[in-house]
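A.B. asks: Single-letter residue listing:
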Amino acid sequence: MIKIKNLNKRFGDKVIFQNLNLEFEAGKVFALIGPNGAGKTTLMRMILGWEKDYEGEIVFNGDIRLGYSPETPYFPEILTGRQVLSYFMEVRGMKKAAYETESLRLMDEVGLDIKKDTLVKNYSKGMRQRLGVAQALIGNPDVILLDEPSAGLDFFGQQEMQGLIGKLKEQGKTVILNSHLLYDVEKVADCGYLFINAHTFRHFNKSEFEKESLADMFINTAKGAKYESLN
Amino acid sequence: MKALIKLHLKENLKGRSFILFGILGGLVSLILLTGGLIIVENNPTEEAISQLGTQWKLLSIISGFAAVTVSMGTIERHLKEKRAELLALHGLAFDRQLFSLAIGNSLVSMMLSAILTLVFVLIIIIDQAPTNLLGFTAAFISYLLSTGIVALIVSTLNMFLPGIVVAVLGVFLVIIGSFHQVIQGMLLNNGQLAGRILAKIMDFIPPLDVFNRLTRSLFFLEFKDGRDLIVFLIFIWLTLTVVFLASKGVSRREKI
Amino acid sequence: MKKYSYILWLLIGIGLIALLFVSQPRLIDSHTIDLINKSRRLDFEKHWPGFKPDIYPVEVYKRNFLKKDSAVRYDGKELYEINNKTPIYALSMDVDPDGQAKLLAVNARDFRSLSDVGNYDGSSADLYYQAVIIHEAFHCFQSDQGFYELFEKQMSVYENSTVITTSRKLDNDPEYQKLWVNEMNSLIDYAKEENEQNYRAYVECYRQRLDYLYENFDTEDIDEYLTYSALYEKAEGTAKYIENIALSELSGKELKFSTTGYSEGTSKFYESGFFKAYIINRIEGLDWKTDFFKTNKTFEDYLLKAK
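Residue numbers (my numbering), protein chains in the order written: chain A, 1 to 231; chain B, 1 to 256; chain C, 1 to 307.
What the hints contain is simulated information worked out from the structure, not anything from laboratory work.
These figures come from a predicted structure and were not determined experimentally.
Note that beta-carbon positions come from the ideal geometry of N, C-alpha and C, so glycine has one too.
Do not rely on the hints blindly, as some may be mistaken.
As the list claims (entries may be wrong) - Derived list of chain B stretches under chain A, where covered just means 3 residues or more per stretch with a C-beta under 8 Å from a C-beta of chain A:
#1 7-13
#2 78-84
#3 87-94
What the hints assert, rightly or not - Distance condition first, Cα-Cα at most 20 Å in a straight line; then the derived EDC-like pairs of lysine to aspartate or glutamate:
#4 B/80 x B/11
#5 B/224 x C/34
#6 A/9 x B/254
#7 B/6 x B/85
#8 C/85 x C/98
#9 C/3 x B/95
#10 B/10 x A/117
#11 C/62 x B/203
#12 A/28 x A/148
#13 C/77 x C/29
#14 C/67 x B/203
#15 C/256 x B/46
#16 C/2 x B/95
#17 A/121 x B/81
#18 B/6 x A/100
#19 A/52 x B/85
#20 C/62 x C/78
#21 B/82 x A/51
#22 C/289 x C/144
#23 B/80 x A/51
#24 A/125 x B/81
Bound-form chain A, shown alone:
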């Protein structure tokens, strides 16, 4: 669905990606994991087209619609959750009758139907994240990119988010998830990519982290990277 070919990216002297090749197939939940500064968010921004300064190719298989929920989504505080969705729909040029019903449907979809008329400023962190996902679902996207959707959520909040991602997968969506919460990733991801640095990255899939926990995989790969860099 999305192919990344020979991608090179640097910030000043720091090389982020060197000759990176990877692929996101349709209908799967992908996780991007790795330490801070490894380039996970940068990769998302490249896919979204906001980061244009790189070498290489990002190839989309046909006309793919993208949805995105940022780590700390900004929503106008003076609007209710439902009005936020209506606002983005209106920006997209949807007619009033259409966004009235669609916003209701999406609020329901992310489990915020009972809070639909509550002002965003009174939303908890978890509710904001769910509203972020609802916002990402506007326009029925094929690929949904979620940047740290469970960050700062309590256990129940995390579980709710896992459920929501599971639901998206059931609907056949491709989800690209950027997360530090490895336990969370193990619950929802089908596969993913682990980035340590520009030279060390690996693909993993469910069968692998069912045998070796993602935490162990992370540590071992990082150790290897250290060994490599020492040599």
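On the provided structure of chain A, position chains B and C as indicated by the hints.
C.D. replies: Then chains B and C, alone, in the frame of chain A:
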């Protein structure tokens, strides 16, 4: 664009500022009504006309400051709060976002300016000022538009400069603009080369006093000077063009 | 569609700028010429014999957008542009090297901007413009009488004398300001109604002010200051008198006498000189005016001997 402008109005038009401006405008109008008038000896202007004229002048200066307050940090905030990227993802290009915000700022400023005149309008009606509905409407529109011009310029400056710097520049813009012709006259009168060059540069600063003169002449039904109107229209055109081009330029710089 | 709207927008701008250029007067706008002509046509024979405003040419400052600013000279018949020297942006007078006194002016539109502080309406600003033209023409007349040169010369002497410091001291002296305002009010009463009581009241105020000056300051300094202020009143007070008469005739309204209080610097002498010229005119008729500028006489020479 419409959705963003609507939201911008909703976010900025708080009931509190409406009340504040209503009171402020009322106070100014009432103080002037009770005699805080500039007296010029043997001024052949009727006192009532002189008084109403002073009202227009003062209200337009205050509304200029209001426009600066409303607009000074909005674009900066928009960029800082990362509102731009999500909007871009939903199809509103970044340059159009900036343009919408500038237009939104000018609409908010115009609404506050309108509130400023509430008591003044009452005085006009009660005092049966020498005008008619058409004259008043035309004057009112030109008064609002000149406030809108200030808001657009301040918004444009905020695309490049931080809010605090923009606030200072904005205040200068209003003061220099409100006494544009007198200051330009002083520079020309000074006769030095530097003065003459500065006077030429001032041609590009909106002459708010000329716009105000247009407002007053429309109000007093004595509009004759077509050139005032042309200068006014040129500045509206020029400001909108600058906002449009600056939005394009900044969207390239920010690469959104 | 988008492309067409850009082109349309561009065309609107070009159209507006073109309109600005087309509407620009070639030399001076007809409205300004009209006002200058009207003021030049006013007859002052019954107010100041010998003063004829139409004999002085006017140089109007012309602002040019893409080239250097110039002056346009108007002698009542023809207009011609002077490009070879830097024009002066002012309402004033000057004397050509050949001795011809001339008026310096800005156009009526610029004048309205400059006089806007008083919130004149359009027609009042036009009237005031004409009156100021007359004011400057009167300075030209003073120049023809040989007075203006004397005035200018004396003023340059005063610039380096104690007058400036005395003047500053008085501007910061509340007691003196009170005495000055009292005298102005007595002059206003006297101007409004000429009778013995008002005359005595004025003389009393005048004496009180003089006594205060001599009691509190150095005699030489005060002598010099009084000569200076009398000269200033003579130059500007008479011009203000003529200006106010012009304004009254043009507007059809009676002359008003009011004071704006004590003003610092020299602007108060315009006001006081105007009151005095008006009163002397009522008492003495026209005769005193014939040689007023040719002698060293001051307003007080006429005012105080009148009764």
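A.B. asks: Each hint: holds or not?
C.D. replies: These are the hints, each one checked on the structure:
no. : hint          : result
1   : 7-13          : holds (count 3)
2   : 78-84         : holds (count 3)
3   : 87-94         : holds (count 6)
4   : B/80 x B/11   : holds, 16 Å
5   : B/224 x C/34  : holds, 15 Å
6   : A/9 x B/254   : holds, 18 Å
7   : B/6 x B/85    : holds, 19 Å
8   : C/85 x C/98   : holds, 16 Å
9   : C/3 x B/95    : holds, 17 Å
10  : B/10 x A/117  : holds, 17 Å
11  : C/62 x B/203  : holds, 15 Å
12  : A/28 x A/148  : holds, 17 Å
13  : C/77 x C/29   : holds, 15 Å
14  : C/67 x B/203  : holds, 13 Å
15  : C/256 x B/46  : holds, 13 Å
16  : C/2 x B/95    : holds, 15 Å
17  : A/121 x B/81  : holds, 15 Å
18  : B/6 x A/100   : holds, 17 Å
19  : A/52 x B/85   : holds, 14 Å
20  : C/62 x C/78   : holds, 16 Å
21  : B/82 x A/51   : holds, 14 Å
22  : C/289 x C/144 : holds, 14 Å
23  : B/80 x A/51   : holds, 17 Å
24  : A/125 x B/81  : holds, 17 Å
Hint compliance for this structure: every hint is met.
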